[in-house]
Every structure is written in C-alpha cells, then in structure tokens.
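Fit chain B to the given chain A structure using the hints.
Chains A and B, in that order, give the protein sequences. Under our numbering, the first sequence has 74 at position 13, and the numbering climbs by one with no breaks. Under our numbering, the second sequence has 1100 at position 45, and the numbering climbs by one with no breaks.
Derived from the structure by calculation, the hints contain no laboratory data. The reader is advised that the hints may include incorrect statements.
[Unchecked claim] Distance condition first, Cα-Cα at most 20 angstroms in a straight line; then the derived EDC-like pairs of lysine to aspartate or glutamate: (1) Lys151(A) x Asp70(A); (2) Lys1107(B) x Glu121(A); (3) Lys92(A) x Asp108(A); (4) Lys151(A) x Glu1095(B); (5) Lys92(A) x Asp135(A); (6) Lys124(A) x Glu1104(B); (7) Lys92(A) x Asp70(A); (8) Lys151(A) x Asp1100(B); (9) Lys151(A) x Glu1104(B); (10) Lys1089(B) x Glu1077(B); (11) Lys1066(B) x Glu121(A); (12) Lys1089(B) x Asp167(A); (13) Lys124(A) x Glu1108(B); (14) Lys1089(B) x Glu1104(B); (15) Lys1107(B) x Glu1117(B); (16) Lys1111(B) x Glu121(A).
What follows is each chain in one-letter form.
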Amino acid sequence: MPEHALLNDIIDCMEENGHTYNTVHLTINDKFVEEINEKFKTKYTIDELRKAADKCVAHEWLKRTFYGDDDYQDLQITPKGLGVAISKRKSDDIKRNRPMLKKASDSIEDHKGLIIFLGVLIPFAALLIKILGG
Amino acid sequence: MNNKYFTIQHKCFFCNTPLERESNKEYNSGDMIKCQSCQELNDYDSLVEVAKEEGKRIAKEEGIRIIKENLGNKMKNIFKK
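So here's chain A without its partners, still in its complex pose (with noise of 0.2 angstroms):
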C-alpha cells in the first residue's frame, strides 16, 4: 500500500540519519517517487502518492508543516503514523518468523468457509458418481 511506502520511507530515514519523526520532513516530487519506486520495487505515479498522503493527512498519519501552494511539500509524520509504521513491521515480523506449522494452521483458519465447503462437495460428489456409476 502507497500509505505504508510513505511511512516506512520516513522511519528508514530517521533511523538511517539518526534524526527524530519530526525533524524529517517529506515532498513529494517525481525525484521522490522514483526513488521510492526503486527502493520497494513499486511502480507507483505521482498521483498515486499524493492520494495515499491525503488519506495519511486524514487519518492524522502525517502533517502538513508548509502551508503554500504545494501541499505534498514538507509532509511530517506524527506520532500515530509512527505507531502505525512499527506496529506494522512488527506485525509483518511476527507472520514472517512463524513455525511451519502456524503458518499452516493459519492458512487453514483464513479459508476455513472454503475448506468446509470442499469438505460437503467432495464427499457429495464422491456418492452421486456412484449411484450414477451403479
């Protein structure tokens, strides 16, 4: 998701410069998209971006700290959308670094309507191909 791009790209910066959420400062520009392009293997526009930064102004994810005639110049993350960023990637850790076989039964609980409905078909199947067959 775009949202989750911009917000991660702020946090690497903080973490690689050493700097606070907000002494970091984000625009959006066609440099900015191409290097966040490269940098999440993205193919994401301009347009694109500045969307999902609406929706992270919305939910108070980020700021505007320039009020001009650009309102993608100088974003600002605020404490939620850290929140939202870590709790994220903490998230994503958690599922990455399962056992095999969590992963499996969680696999299992997240399809179980398909699951139990193959298990009535088959058997259904099975039983009107031999009363067909017989």
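Same frame as chain A, now just chain B:
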C-alpha cells in the same frame, strides 16, 4: 489548587476503535495488542507515546483555560474597584 485527572483511551492506529484489554492481561513494553474490530496488531510502546502526546495536549489546553479564567477574574476585580 486541586489536581486534575484525565482519562486517555488507547485507540487502534488503523481503525480508531478503542482498544480493549484482554481479561487479566498485563501489557509490557514490546507487546502487541490486537484490535477486536479490525484484527490489526498495535505496538504497545507506540500506543503509550501517542497517549503521552495526547496527555500533553490536554494539559496544555487545560492550563491555558485556567490561566484565562484566572486572568479574567482578576481583570473583573480590578474594574470593580
């Protein structure tokens, strides 16, 4: 001067729903709290930081309100004399 107390509720970062504590569970630094509404995991430390910022904001607003009230009263007393 009396102490004032405010309650700040932790809200899910993703859907803004108030987070509920699982019964008898104590949360510590590093824990992740699952939102009952959207099932997303919220980092406990980040929730505490957001609550601190919210607390500072509320305390500042309340302080300004008290100062304005006291100044207003003092001005009224000056003009009464």
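Item checked: Given pair status - Glu121(A), Lys1066(B), alpha carbons within 20 angstroms -> OK: Lys1066(B) and Glu121(A) at ~13 angstroms, within 20 angstroms.
Note to self: Given the hinted pair Lys1089(B) and Glu1104(B), is their Cα-Cα distance within 20 angstroms?
What the structure shows: With Cα atoms ~17 angstroms apart, Lys1089(B) and Glu1104(B) stay inside 20 angstroms; holds.
Notebook entry, point to check: Taking 20 angstroms as the top limit, are the C-alpha atoms of Lys151(A) and Glu1095(B) close enough?
Noted result: Holds. Lys151(A) to Glu1095(B) sits at ~11 angstroms (cutoff 20 angstroms).
Item checked: Proposed proximity, Asp108(A) with Lys92(A) (alpha carbon, max 20 angstroms) -> Holds, at about 13 angstroms.
Checklist line | Restraint check for Lys151(A) with Glu1104(B), where alpha carbons must lie at most 20 angstroms apart | finding: It holds: about 16 angstroms lies between the C-alpha atoms, which stays within 20 angstroms.
Checklist line | Restraint status (C-alpha distance of Lys124(A) to Glu1108(B) at most 20 angstroms) | finding: holds, 15 angstroms
Note to self: Next pair to validate is Lys124(A) with Glu1104(B); report whether the Cα-Cα distance is within 20 angstroms.
What the structure shows: holds, 17 angstroms
Margin query: Check the hint pairing Lys92(A) with Asp70(A) against an upper bound of 20 angstroms on the C-alpha distance.
Written below: holds, 14 angstroms
Check: Is the hinted pair Lys151(A) and Asp70(A) satisfied, with a Cα-Cα distance of at most 20 angstroms?
Finding: holds, 16 angstroms
Item checked: Satisfaction of hint between Glu1117(B) and Lys1107(B), Cα-Cα up to 20 angstroms -> Status holds; Cα separation ~15 angstroms.
Notebook entry, point to check: Do the alpha carbons of Lys92(A) and Asp135(A) lie within 20 angstroms of each other, as the hint requires?
Noted result: Cα-Cα ~14 angstroms, so holds.
Next item on the list: Compare the distance between the alpha carbons of Lys1089(B) and Asp167(A) with 20 angstroms, and conclude whether the hinted pair is satisfied.
Entry: At roughly 15 angstroms apart (the allowed maximum being 20 angstroms), Asp167(A) and Lys1089(B) satisfy the hint.
In summary, the structure agrees with every hint in the numbered list given earlier.
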